[in-house]
Each structure stands twice: as C-alpha cells, then as structure tokens.
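Note that the protein sequences, when read in sequence, are chains A and B. The numbers in numbering that gives the first Met the number 0 rise by one with no breaks, and the one at position 22 of the first sequence is 21. The numbers in numbering that gives the first Met the number 0 rise by one with no breaks, and the one at position 129 of the second sequence is 128.
Hints listed in this document are in silico derivations from the structure and should not be mistaken for laboratory results. The structure presented is a predicted model; accordingly, all values stated were derived computationally and were not measured. Any given hint might turn out to be false.
Stated by the list, open to error - Residues of chain A clear of chain B, computed beta-carbon distances all greater than 12 Å: (1) Lys7; (2) Asp34; (3) Gly98; (4) Thr103; (5) Asp105.
Claimed, not checked - Here are the simulated DSSO-like cross-link-like pairs (lysine-lysine), alpha carbons at most 30 Å apart as the crow flies: (6) B/Lys142 with B/Lys152; (7) A/Lys7 with A/Lys113; (8) B/Lys118 with A/Lys179; (9) B/Lys26 with B/Lys118; (10) A/Lys61 with B/Lys39; (11) B/Lys6 with B/Lys39; (12) B/Lys26 with B/Lys142; (13) B/Lys142 with A/Lys179; (14) B/Lys26 with B/Lys39; (15) B/Lys118 with B/Lys152; (16) A/Lys7 with A/Lys162; (17) A/Lys61 with B/Lys152; (18) B/Lys6 with B/Lys26; (19) B/Lys145 with B/Lys64; (20) B/Lys145 with A/Lys179; (21) A/Lys7 with A/Lys179; (22) A/Lys7 with A/Lys61; (23) B/Lys64 with B/Lys142; (24) A/Lys61 with B/Lys64; (25) B/Lys145 with A/Lys61; (26) B/Lys26 with B/Lys145; (27) B/Lys39 with B/Lys118; (28) B/Lys6 with B/Lys118; (29) A/Lys179 with B/Lys26; (30) B/Lys6 with B/Lys145; (31) B/Lys152 with B/Lys26; (32) B/Lys152 with A/Lys179.
As the list claims (entries may be wrong) - Computed from the model, here is a short list of chain B residues facing chain A with C-beta under 10 Å: (33) Asp10; (34) Ala14; (35) Thr21; (36) Ser46; (37) Lys48; (38) Gly54; (39) Cys56; (40) Phe60.
Glycine included, every Cβ here is placed at the ideal spot set by N, Cα and C.
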Amino acid sequence: MIRSEILKEIAPILRDQLVVCNIGIPSQELHAIDDQPSNFYMLGTMGLASSIGLGLALSQPKPVISIDGDGSVLTNLGTLPTIANNPAGNFILLIIDNGSYGSTGDQPTYAGRKTSLAKVAEACGCETVVECAAEDTGRVLQEALDSGEMTIIVCKCESGNAKMPVITMDPVVIRDRFMKAVSA
Amino acid sequence: MQEDINKRIVDDFVANDVSFVTTVPCKQLAGVIDEIDARKDIHHIPSNKEDEGMGLCAGAFMGGKRPAIIMQNTAIGVTINTLATLTQYYRMPLPMLISYRGELGEPVACQVEMAVHTKALLAQLHIPTYHFHHRDDVEELDKIIKYTFMCNKPVAILTDASFWGGY
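Chain A with its partners taken away, still in its complex shape:
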C-alpha cells in the first residue's frame, strides 16, 4: 500500500477529528480524497506538522491527529523529546513511513534504511509507540483514539504518490475554517 491508499482507508476515521496534515503531496492527497474544514493543510514549513498538532492538543480538549512523514519527522527530530515530555492524551502522531521523501521525487530517507523512528520515539520517552503495517493503520488509529492516551504510530508502507491537484485554497481560509471547526 502507498500513502494515498492508507489515507483513503482511514478517511472515515479522520473525518470527525482535527487533523494537521503534512506539507506537499500528503496534504494534496488528503484534500482530494476527503476535504474537511477540520483538516489543517500545511502549504509550507516542512517538519512542523507534529509541533502544530501538539500545540493544538495542549490548548484545547478535542482529539488531534498529526499526519506526518518519515522525512518530515527526520527534519524536525527535536519534536519527539518535546512530545514525550509534554504528553497530551488527545494527541496522536501518525507517521506514514514510506522510507522516502515523497514530495521531492521519492529520494530514500534514513528511516527507510538503518534508522527506526519507532525506536527513536521510544528512546525520546514517548510511552505509547506502535509500529504497524499499512493494512493495519485504521485499526491502530481507532484504538489510539479510543485509548485516550498519547500515541505515536509509525505506519510502514510503500513509497509512491497519487497524482492530485495542488491546493489553491488561500491559507487564511484554511486557517479560519479550521479554527471554526476547533471551536465548534
């Protein structure tokens, strides 16, 4: 399975949650598959989906799912100690780990080679870390939501992208409708 197939499968779970989605093709895919006001699409700023999601989870009670990539987590590796040391029970970091920089031409990441992001997260102090196969993502994500415990999910999948249009929505519109969904 590739990322877009996973997103299609978990879209019914994501629909009712606050979602912060990673820059580039992941946001384009989620936007094309199931655009929701409760989705915050990152149009720039690689690496900060997990930080934005944690800040949001710590500031209000609704569950927050940050959809991140292995390349983006590697670019902001300092996020994992911050997450571990400031736990929010309503926060889920879903790392779709396809071992490649999907938005830039599928160059391999170190997560696809020797580096285990699940082990890194554990070493950083994250208490609930689940590594799963792509096919199990929906079940693992639902269990994490039901548990009410901060969970880091590392979903191992194949490299590849669906051809989706660029998001042309104005960033202030994305932010405004997202904030209305947060406070609804």
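Chain A is already provided as a structure; the job is to place chain B on it using the hints.
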C-alpha cells in the same frame, strides 16, 4: 532590580491573556524564563529549536490560546522559512521576546556576526521590530503585545545587554 524586570515582563504577558509560551534559552533570558516557568497562568513548553517552537505556538493559537516565544536573535536565521510560510502566510500573531546578543557589552565575538544581520533580516521580512535598550523601554511592552494580537503578525522585541543591565 533584575527580578523586578522579569516579573514586570511576565505580568504584561499575563495581563494580555498570553497563556502558552515556548522558550529556547539564552543567558540573558534566564530570569524571565524562570519567571514564566513559575506562573500557573502560563503553560510553558521548552522547545529544542525555535522553528519547532513557532509550530507549537501556531497550534496553540488555533486552539484558542494566545502564544508567545522567547528566544535568542541567532535563531532568526533558522526561523525565516517558518515565519514566512507559517506565521505570516496563515496570518497568525506571535510576540517574539528576543535576546539581542552581540550588542554593546557583548563578551563573545561570534555573537556579533548574527547581531549585524538581525535587524536587516527582520526588516526584510516586514516584521514590526522594537528594540529595548534602556530599562524604561519596557513601558512599551504592554502596547506591543496588544498591537501583535490586533494585527495578527509576528512582532519582534529585541532586548539587548544594556536593557538587561549587563551580563
């Protein structure tokens, strides 16, 4: 006296309903960070890098809290992309209390290398910038915080060694 200024700064943040503060330490800011950490009205999240801190602040703002970041001016270099493509692009307010290292009284030569670029970079980004040099300059902080949340922009408050009373 030093304690008074730290307390005064944090009082202004609290009075303006700033309740989520992320910090990356600087020697000059140690007292104000201690004060932030001690206040029950403020959720203090130390971060490992300033762009990460700006991400946390963006999330907190969208969650309904008023955020602020405390950092050193050397970090302007690593946060330009985040300021342009997140904070400014999505039109989010962010007071940035910044220690202005490399100014008069600075003992570490390398700090001057970023000091000479600090104001130019902030000007290039069209970030409203205030420079606290004399102790009385703190009188403007309340208005600067109000201005930040009025216009939904990142705003820089550079605080140099003279303001902090030396090292």
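Consistency of the hints with the structure:
1. No beta-carbon of chain B is positioned within 12 Å of the beta-carbon of A/Lys7; the least distance is around 26 Å.
2. Listed as a non-interface residue, A/Asp34 keeps its Cβ farther than 12 Å from every Cβ of chain B; the least gap is roughly 17 Å.
3. A cut-off of 12 Å between C-beta atoms confirms that A/Gly98 is not in contact with chain B; the least separation is 23 Å.
4. Taking the minimum C-beta to C-beta distance to chain B, about 15 Å, the non-interface status of A/Thr103 holds against the 12 Å cut.
5. In this structure A/Asp105 is separated from chain B by more than 12 Å, as the shortest Cβ-Cβ distance comes to about 23 Å.
6. Taking the CA atoms of B/Lys142 and B/Lys152, the gap is about 14 Å. The hint holds against a cut of 30 Å.
7. Taken as a hint, the A/Lys7 and A/Lys113 pair is honoured in the structure, with Cα atoms around 29 Å apart against an allowance of 30 Å.
8. A threshold of 30 Å between alpha carbons decides the hint, and for B/Lys118 with A/Lys179 the separation of about 36 Å lies outside it, so the pair is violated.
9. With a C-alpha separation of about 21 Å, the suggested pair B/Lys26 and B/Lys118 falls inside the 30 Å cut-off, and the hint holds.
10. Distance hint between A/Lys61 and B/Lys39 is fulfilled; the C-alpha atoms sit about 22 Å from each other, no more than 30 Å.
11. About 13 Å separates the Cα atoms of B/Lys6 and B/Lys39, which keeps this hinted pair within 30 Å; it holds.
12. The straight-line distance between the Cα atoms of B/Lys26 and B/Lys142 is roughly 26 Å, inside the 30 Å bound, and the hint therefore holds.
13. Note on B/Lys142 and A/Lys179: the hinted pairing holds, with a Cα-Cα distance of about 28 Å set against a maximum of 30 Å.
14. In summary, the hint linking B/Lys26 to B/Lys39 is supported, as the alpha carbons are separated by about 23 Å, within the 30 Å threshold.
15. Simply put, B/Lys118 and B/Lys152 have alpha-carbon atoms about 17 Å apart, close enough for the 30 Å limit, and the pair holds.
16. For the given pair, A/Lys7 sits about 14 Å from A/Lys162 by alpha-carbon distance, which is consistent with the 30 Å threshold.
17. With a CA separation close to 26 Å, the supplied pair A/Lys61 and B/Lys152 stays within the 30 Å bound.
18. Taking the CA atoms of B/Lys6 and B/Lys26, the gap is about 17 Å. The hint holds against a cut of 30 Å.
19. Proximity of B/Lys145 to B/Lys64 is assessed by CA-CA distance (about 14 Å); at most 30 Å being required, the pair is judged to hold.
20. Restraint check for B/Lys145 and A/Lys179: satisfied, since their Cα atoms lie roughly 23 Å apart, inside the 30 Å limit.
21. Under the criterion of a C-alpha separation no larger than 30 Å, the hint pairing A/Lys7 with A/Lys179 is consistent with the structure, at around 25 Å.
22. Taking the CA atoms of A/Lys7 and A/Lys61, the gap is near 23 Å; set against the 30 Å cutoff, the hint holds.
23. A C-alpha spacing of about 19 Å is found between B/Lys64 and B/Lys142, which places the hinted pair at or below 30 Å, so the restraint holds.
24. For the proposed pair A/Lys61 and B/Lys64, the alpha carbon gap of about 14 Å is at most 30 Å, so the pair holds.
25. With a C-alpha separation of about 28 Å, the suggested pair B/Lys145 and A/Lys61 falls inside the 30 Å cut-off, and the hint holds.
26. The straight-line distance between the Cα atoms of B/Lys26 and B/Lys145 is roughly 27 Å, inside the 30 Å bound, and the hint therefore holds.
27. Between B/Lys39 and B/Lys118, the direct Cα distance comes to roughly 34 Å. Violation of the 30 Å bound is thereby established for this hinted pair.
28. Taken as a hint, the B/Lys6 and B/Lys118 pair is honoured in the structure, with Cα atoms around 27 Å apart against an allowance of 30 Å.
29. With a C-alpha separation of about 40 Å, the suggested pair A/Lys179 and B/Lys26 falls outside the 30 Å cut-off, and the hint is violated.
30. Our distance criterion of 30 Å between C-alpha atoms is met by B/Lys6 and B/Lys145, whose separation comes to about 18 Å.
31. Between B/Lys152 and B/Lys26, the direct Cα distance comes to roughly 27 Å. Compliance with the 30 Å bound is thereby established for this hinted pair.
32. About 20 Å separates the Cα atoms of B/Lys152 and A/Lys179, which keeps this hinted pair within 30 Å; it holds.
33. Hint status for B/Asp10 relative to chain A: violated, with the closest Cβ pair at about 22 Å, above 10 Å.
34. Of the supplied interface hints, the one on B/Ala14 is violated, with its beta-carbon coming no nearer than about 19 Å to a beta-carbon of chain A, more than 10 Å.
35. Contact between B/Thr21 and chain A, as hinted, is supported at the beta carbon level, the nearest pair being about 8 Å apart and thus within 10 Å.
36. Nearest Cβ of chain A to the Cβ of B/Ser46: about 6 Å, under the 10 Å cut. The hint holds.
37. Against a cut-off of 10 Å between C-beta atoms, the interface hint on B/Lys48 holds, since the closest Cβ of chain A lies about 5 Å away.
38. A hinted interface residue such as B/Gly54 counts as satisfied when its beta carbon comes closer than 10 Å to some beta carbon of chain A; here the least separation is about 3 Å, so the hint holds.
39. With a cut of 10 Å, the hint placing B/Cys56 at the interface with chain A holds, because the nearest CB-to-CB distance is about 6 Å.
40. Hint status for B/Phe60: holds, given a least beta-carbon distance of 8 Å to chain A, under 10 Å.
The earlier numbered hints that this structure contradicts are 8, 27, 29, 33, 34.
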